[in-house]
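Number of protein chains: 4
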Amino acid sequence: MGNFKGHALPGTFFLIGGLWWAGKYSLCYGTRRNRSLGRLAGKAVQRRLEIVEGSVMLSFSVIGMLAEQFVPDGPQLRLYDYGEHHWDHLMNWQHATMYLFFSLAGATSLAVHLTDVAPLALDRMLLGIAFFTEGFLFLYHLHGRDMLDVHVHQLLLYAIFGGALTAFLEIFHRGNVLVELLRAALSVLQGTWFWQIGFVLYPPAGMAEWDLKDHNNMMFVTMCYCWHFSFALFAVAMVYGTVFWVVRSRLKKTPTMEMGLLKTTEREQESEDEL
Amino acid sequence: MGNFKGHALPGTFFLIGGLWWAGKYSLCYGTRRNRSLGRLAGKAVQRRLEIVEGSVMLSFSVIGMLAEQFVPDGPQLRLYDYGEHHWDHLMNWQHATMYLFFSLAGATSLAVHLTDVAPLALDRMLLGIAFFTEGFLFLYHLHGRDMLDVHVHQLLLYAIFGGALTAFLEIFHRGNVLVELLRAALSVLQGTWFWQIGFVLYPPAGMAEWDLKDHNNMMFVTMCYCWHFSFALFAVAMVYGTVFWVVRSRLKKTPTMEMGLLKTTEREQESEDEL
Amino acid sequence: MGNFKGHALPGTFFLIGGLWWAGKYSLCYGTRRNRSLGRLAGKAVQRRLEIVEGSVMLSFSVIGMLAEQFVPDGPQLRLYDYGEHHWDHLMNWQHATMYLFFSLAGATSLAVHLTDVAPLALDRMLLGIAFFTEGFLFLYHLHGRDMLDVHVHQLLLYAIFGGALTAFLEIFHRGNVLVELLRAALSVLQGTWFWQIGFVLYPPAGMAEWDLKDHNNMMFVTMCYCWHFSFALFAVAMVYGTVFWVVRSRLKKTPTMEMGLLKTTEREQESEDEL
Amino acid sequence: MGNFKGHALPGTFFLIGGLWWAGKYSLCYGTRRNRSLGRLAGKAVQRRLEIVEGSVMLSFSVIGMLAEQFVPDGPQLRLYDYGEHHWDHLMNWQHATMYLFFSLAGATSLAVHLTDVAPLALDRMLLGIAFFTEGFLFLYHLHGRDMLDVHVHQLLLYAIFGGALTAFLEIFHRGNVLVELLRAALSVLQGTWFWQIGFVLYPPAGMAEWDLKDHNNMMFVTMCYCWHFSFALFAVAMVYGTVFWVVRSRLKKTPTMEMGLLKTTEREQESEDEL
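Residue numbers (the working numbering), protein chains in the order written: chain A, 1 to 275; chain B, 1001 to 1275; chain C, 2001 to 2275; chain D, 3001 to 3275.
No lab work stands behind these hints, which were simulated from the structure alone.
One or more hints might be untrue.
Stated by the list, open to error - Example chain C residues on the side facing chain D (calculated, C-beta under 10 Å, incomplete):
hint: 1; residue: Leu2142
hint: 2; residue: His2173
hint: 3; residue: Tyr2225
Backbone N, C-alpha and C define an ideal beta-carbon position, used for all residues, glycine too.
Looking at chain A on its own, in the form it has when it is part of the complex (with noise of 0.2 Å):
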């Protein structure tokens, strides 16, 4: 997918569902930390939301490896080329692989909210499997190319190795919200980063080339990284501002002393039917 469109639609896909996340996570915090209401059914809800998100990205998912291998230039489920002596489309193949591990981040998404059969954290782990999958098959992609295009697929790598980390994270600290909020933030980075690479890489016509070899574009690039990352940090917060601030004119705010006086029940409660 060496072009502007094979960055952008991956990118797209990410920053999509790192807004989804925020917005997600928020909900479930805000209507935990104001339950004491008593009006919002909070678990029912953030059940079906676990239901739609496992089967959005499970169909999307198989629609991403099944276009990689049977697009006009693709595979076609042909892994070696027997006349050429070659490996066919590896590309489209490692991508496939990609989508693979989160198709089956999907499954298991839903498995767990849909039966009882599997641990609850299962569908944490098998998230972050696949988020290190992706960054580990993009560790290898890199020989042999120029240097600033070395350097900002290596950047990416932060954020989907971080986002890896803090869905392993949640595994033990399940339901921490700024666990949770930093994940949308790296996703959406990761989105947006994908972009700023489709226009580094491929600068759509009219734009300036740029120099792949001059270590001045490759500090810019560094720092350009920080701002997309504040951008992210900044985006995920407007959105829990939103949603936070919604859910609490919805509920009618309870005073906080008494909130504070249910605090621990509830919070026992609540990691009682997590377990």
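Chain A is already provided as a structure; the job is to place chains B, C and D on it using the hints.
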């Protein structure tokens, strides 16, 4: 052991070991979650499984050590060849050292589960140390080989150090079924990957030789590793599903609601037993 | 900022910041441990300290950003020099980016402690991110410099990433006085080391120039870094001792035994407040 | 200290220290597990052991520092040789710096266990810092040496940083006997490996010189390191077994069942004491 059999043998061990772990931990988790029925003495069975596992690990490791030493072209306990002034059969000694640590892990497991002297988590610590040592020896084992040869062994290190990490995590989070199953999956991965290494480096008669310096081969092999991992996850999931289903159907299903009420109490008692 | 003043200025900030943290956390810990007397409203004071800290951090960072942009030889918000086709004053932009993240951390701290919207640990997460970004930008900042120049900045990274790590740890272990004081010590270390870098790279008139390629200088500098660290630990210990002694003498000492009895209850209440 | 004695001396210290730790923690754990009998005032003994340990560590480190400075060919507190324009006896200064941090750890341990001012876990934090600094100085100590020389010191770093890591872990998991014994084993390993380094780099008269550039030697040495580790584990296990057996036989064995019932209560009280 630079031949096909030398990779297939440990591969088979790890493969079987991983499947065994998948079964054992699924069984423990299944009986624990359905214990409210009170029909199965979970602890006694679990202890017996641990003792069987420890004995098998100990005996196989001792046999492995002896085999490495006393095969016809082995060192026969001679470490240094004073005639030719070089170390004698260093490879065999290294493999014997790996077996040594697994035999320590087996012996420790027996000591932990047969007596009440040693703290419980010691078995996991020694298992983690055994995996770590295996990876550690591999790490300094690869000097001066071909690119692909180095790469396939480096990939193996992910599975090995992953196994060590999960075992160490269990010192602090014992009984977390996800970590246990992840360890099982990494062990299966290690097993199947040993087989793959055998096929890549020592292709059986009739199969094409691999070009050990081709970068495309390296990229394919990386991707192939991910497929092995997804297979390992799938295999562990199958074992888990089967065992869970058998346990549940044999124990008659308890209503979920009652389980919810009982959960906290059980869990405490469980952790009390385990500490 | 390739000059002495450009290193002395941030050095002074981090030095003062570290000492402030040492004092703040010692005060909080001291009042917490002696609270059984019930004479000091610990939480209110602590909240006011946090707000002061947040305001100072925010205002200084904003001033820093503006200064980097509008100093006479600064970029004046111009990012790209279209005349000469290169990035304009990349250094200033990088430093402004670092300030940006510290201003985000300051603003977040205000949002957390002035409103009840944001989860409490968010201030530590943003602080951790600010340190991480600082280190991240330094990391890709060192290309093509002299050996000693690279080395003194690499040593700095230990203090910076150490600060990030401790801040992230506090997301999960908030209120652990040791982690807080370690962060204070690492900040002091960062401050004094910035001064040291200034002296090494831009020796004031009259002092000998350093040979930036001599390996002995590198070894000395490494050792010197350890001395700075021991000084930082010592300074934090002094602040802690002084504050602790003042708190205790002002609160009249409670008998240790009674404290032992009260401890668990207090602690719970404490963590309840904090959650 | 580039000679045999210079490696044998610290080796002996770490070896004895590791065995002491193995004994101390086994004793504490043994009395804790058998405390239901109520015959041994565990805390008082433990505190006295800590004070002895702190005093010994402090005094030996101070002696070491003085020795490094005032041996006949030492720097005698002179840091820079203005005559010849180079650093004076950098090695001795580095070793003195290592001792400095261990003396800080010893002094802190005394402050923690003699007064009630400092938080308890501070002794482990300073111990971790002492190990870390030792490893840190070794890390930047190896430039330009022969391959095998570098390698044996790199192997040493595993034991040193392992010791630092376990000490840091104990800040959060204090009293976990496994982590304590692992630290003891790593210290024994460090001790015996110092001896091994002495034998490899400065073979006593009559022993063959080692070829410092032979790759086979490097592989042998790696394996040898694992043997040292297994020996260290074995030594710690012996000490643990002996101490545990002595404690139990002197305390008369309590029936296991009663212990099970008492366990939770004790454990809480224990951790309350420790916090």
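Now the hints, each set against the structure:
1. Leu2142: 16 Å, violated
2. His2173: 7 Å, holds
3. Tyr2225: 8 Å, holds
Comparing the model with each earlier hint shows a violation of hint 1 alone; every other hint is respected.
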